[in-house]
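Colleague: Which chain is which? The protein sequence lines are A and B, in order. Position 39 of the first sequence, counted from 1, bears residue number 39 in full-length UniProt numbering, the numbering being contiguous throughout. Position 131 of the second sequence, counted from 1, bears residue number 131 in full-length UniProt numbering, the numbering being contiguous throughout.
In case anyone wonders, no lab produced these hints; they're calculated from the structure. Keep in mind the model is a prediction, meaning the values are calculated, not measured. The C-beta atom is built at its ideal place from N, Cα and C for all residues, glycine as well. Be aware that a few hints might be false.
Label pairs and their computed distance ranges (CB to CB) [claimed, not checked]:
| no. | chain 1 | residue 1 | chain 2 | residue 2 | range |
| --- | --- | --- | --- | --- | --- |
| 1 | B | Arg52 | A | Val36 | 37 to 43 Å |
| 2 | A | Arg257 | B | Gly87 | 28 to 34 Å |
| 3 | A | Thr13 | B | Asp19 | 34 to 40 Å |
| 4 | B | Ala66 | A | Gln71 | 38 to 44 Å |
| 5 | B | Ser13 | A | Arg257 | 17 to 23 Å |
| 6 | B | Asp161 | A | Asp259 | 32 to 38 Å |
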Amino acid sequence: MTAVISRRTRGATLGAIVRSELIKIRSMRSTWVGLVALLGVATLVTTLSSTKVAGVATPDVFAGWILTVFQVGLLLTTAFFAVQTASEWSTGMARTTFAAVPARGRWVAGRVIACALGGAVAALAVVAAVLGLGTLVHSAGAEALGPETYGLLWQAPLALGLMSGFSAALAVLVRNAWLAVGALFTLQFVLGIVSATLLTWFLQVMPYLPFDLAGTVLHASQAGADLAGAPGAGLAIVLLVAWAVGTAVVAAIVSRRRDGA
Amino acid sequence: MIEVASLSKSYGSVRAVDDASFTVRPGVVTGFLGPNGAGKSTTMRMIMGLDRPTSGTALICGRPIAEHRAPLAVVGAHLDPRSFTPGRSARSHLSAVAASNGISRRRVDEVLELTGIASVARKRPKGFSLGMSQRLGLATALLGDPATLLLDEPVNGLDVDGVRWIRELARSLAAEGRAVLLSSHLMSEVEQTADHVVVIGRGRILADKPLSEFVSASDDGAVEIASTDDARLAQVLANAGASVAPLGGIAVSGLPASRIGQLAADAGVALTRVHEPSRSLEDAYLALTRDEVQYQSTPKESVK
Numbered sequence: 001m002t003a004v005i006s007r008r009t010r011g012a013t014l015g016a017i018v019r020s021e022l023i024k025i026r027s028m029r030s031t032w033v034g035l036v037a038l039l040g041v042a043t044l045v046t047t048l049s050s051t052k053v054a055g056v057a058t059p060d061v062f063a064g065w066i067l068t069v070f071q072v073g074l075l076l077t078t079a080f081f082a083v084q085t086a087s088e089w090s091t092g093m094a095r096t097t098f099a100a101v102p103a104r105g106r107w108v109a110g111r112v113i114a115c116a117l118g119g120a121v122a123a124l125a126v127v128a129a130v131l132g133l134g135t136l137v138h139s140a141g142a143e144a145l146g147p148e149t150y151g152l153l154w155q156a157p158l159a160l161g162l163m164s165g166f167s168a169a170l171a172v173l174v175r176n177a178w179l180a181v182g183a184l185f186t187l188q189f190v191l192g193i194v195s196a197t198l199l200t201w202f203l204q205v206m207p208y209l210p211f212d213l214a215g216t217v218l219h220a221s222q223a224g225a226d227l228a229g230a231p232g233a234g235l236a237i238v239l240l241v242a243w244a245v246g247t248a249v250v251a252a253i254v255s256r257r258r259d260g261a
Numbered sequence: 001m002i003e004v005a006s007l008s009k010s011y012g013s014v015r016a017v018d019d020a021s022f023t024v025r026p027g028v029v030t031g032f033l034g035p036n037g038a039g040k041s042t043t044m045r046m047i048m049g050l051d052r053p054t055s056g057t058a059l060i061c062g063r064p065i066a067e068h069r070a071p072l073a074v075v076g077a078h079l080d081p082r083s084f085t086p087g088r089s090a091r092s093h094l095s096a097v098a099a100s101n102g103i104s105r106r107r108v109d110e111v112l113e114l115t116g117i118a119s120v121a122r123k124r125p126k127g128f129s130l131g132m133s134q135r136l137g138l139a140t141a142l143l144g145d146p147a148t149l150l151l152d153e154p155v156n157g158l159d160v161d162g163v164r165w166i167r168e169l170a171r172s173l174a175a176e177g178r179a180v181l182l183s184s185h186l187m188s189e190v191e192q193t194a195d196h197v198v199v200i201g202r203g204r205i206l207a208d209k210p211l212s213e214f215v216s217a218s219d220d221g222a223v224e225i226a227s228t229d230d231a232r233l234a235q236v237l238a239n240a241g242a243s244v245a246p247l248g249g250i251a252v253s254g255l256p257a258s259r260i261g262q263l264a265a266d267a268g269v270a271l272t273r274v275h276e277p278s279r280s281l282e283d284a285y286l287a288l289t290r291d292e293v294q295y296q297s298t299p300k301e302s303v304k
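Please work from the sequences and hints to get the whole structure.
Modeller: See below:
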């Protein structure tokens with residue numbers, strides 16, 4: 001008797017995996033709660049900040065509000081994607097995922113790309129919310145768009161997208177939500193404190209770590225954003241891509257060699 | 001077809017699977033039996049590429065699973081009833097898995113109907129009973145209309161209708177030419193469903209043969225009889241080369257029932273009862289794995 005081979009499937013291509021992971025992201029209630037929370041922070045910052053504006057808000061004022069939102073948003077978004085990715089293992093979903101896509105490297109790539117796209121879309125939503133609400137509040141001829149805000153339309157999605165991809169890769173590597181979030185907090189806060197108080201030489205390394213690079217990308221179009229010792233915007237983008245891709249490659253290699261799903 | 005060759009898996013000094021080799025053929029339901037901790041799940045996980053073998057190979061349709069372009073069309077696996085994210089609806093779960101292999105949404109609706117969970121498709125499975133979770137797992141396994149199916153304890157938690165449905169599903173899938181590997185602790189289920197059995201104990205393959213052959217091979221051929229003169233008949237049968245033992249009558253081994261009847265007639269002894277006990281899969285399984293059970297309970301009397 002010959003085996004039946006189905007023709008119902010087009011195969012587990014990278015595009016198919018990205019679509020699958022995007023469905024996973026958007027089908028979780030926590031995704032929408034997180035996005036609403038992020039937009040809530042954006043609305044709050046815009047509302048509070050706009051009360052301090054005398055007259056008409058200018059693009060640099062709008063950009064300042066957006067950057068304030070992203071101080072919080074960057075950490076919230078990266079933590080969110082790390083937790084959601086690590087939940088593949090804590091819930092047992094990874095068994096189903098790897099039965100459907102046994103090629104671990106391709107799956108890691110798909111997951112990282114999907115999280116990066118998710119982060120980028122969230123960033124665009126925040127930028128749009130701040131600009132929209134700001135313009136509404138300061139509608140007296142306010143011009144929301146200028147070089148600073150134009151820049152953020154690509155800087156914010158790029159920085160948040162790459163950081164979301166990086167955090168997803170980190171979560172695949174450690175397979176544990178607490179460890180992944182702990183690693184992100186260490187990168188964002190602990191290393192800064194340690195380097196400032198104990199290992200001052202590390203201050204020269206800090207600008208090349210992911211959160212600092214994301215900050216550099218976000219501030220790229222802001223006047224006076226250049227910090228001593230920090231790489232330029234172009235190099236920061238390249239290095240941020242390297243962090244995300246490098247972590248994903250390491251995660252894929254480790255994942256292929258490791259048991260368990 | 002699944003071809004497992006010299007498959008071994010060690011965890012430190014513990015040999016979970018030891019040089020296992022067997023084949024799961026198309027058109028056949030193969031029962032995978034073994035006591036708890038025997039290595040069934042580890043073997044299935046290695047076949048699916050979820051665990052890395054220490055040595056040996058597991059091929060599905062001629063290749064390791066990771067080398068297939070469309071894995072869900074080659075093999076559908078249901079290894080654990082809780083292999084989903086509890087907060088994602090059943091339909092979204094299936095849609096995501098289907099999308100990963102480029103399977104259409106129409107197929108998602110088909111498997112929801114097929115497994116009887118269409119009415120709860122929009123519900124999040126964190127509230128599902130074990131039976132409903134089993135059905136969702138089976139729906140996931142069937143998404144790619146696969147040539148091979150691995151089902152690990154699929155009837156756990158199912159009601160009578162569900163158990164019968166799984167039995168009929170497994171048999172109909174095999175009848176379509178698919179290879180089905182089904183592990184279960186319920187011997188009666190395997191007996192009614194499987195055509196072939198692979199028995200594993202302490203990581204080693206103890207038997208790999210057709211179900212009927214497995215059951216009959218363990219049959220000692222004893223016939224239980226009673227007569228008007230058991231003592232005389234026992235002597236006659238012993239003289240004819242049979243082994244006899246008292247058993248509220250006589251238990252006779254080594255002679256077929258027809259020959260026993262002939263000898264009794266020749267001796268002028270009337271037989272009042274002739275019983276050829278049929279061995280079940282459970283009897284055969286217990287006889288084979290008696291020494292291979294890793295976790296054994298102690299009878300209540302001997303605990304005192």
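Colleague: Going through the earlier hints one by one, which of them does the structure break, listed in rising order?
Modeller: none
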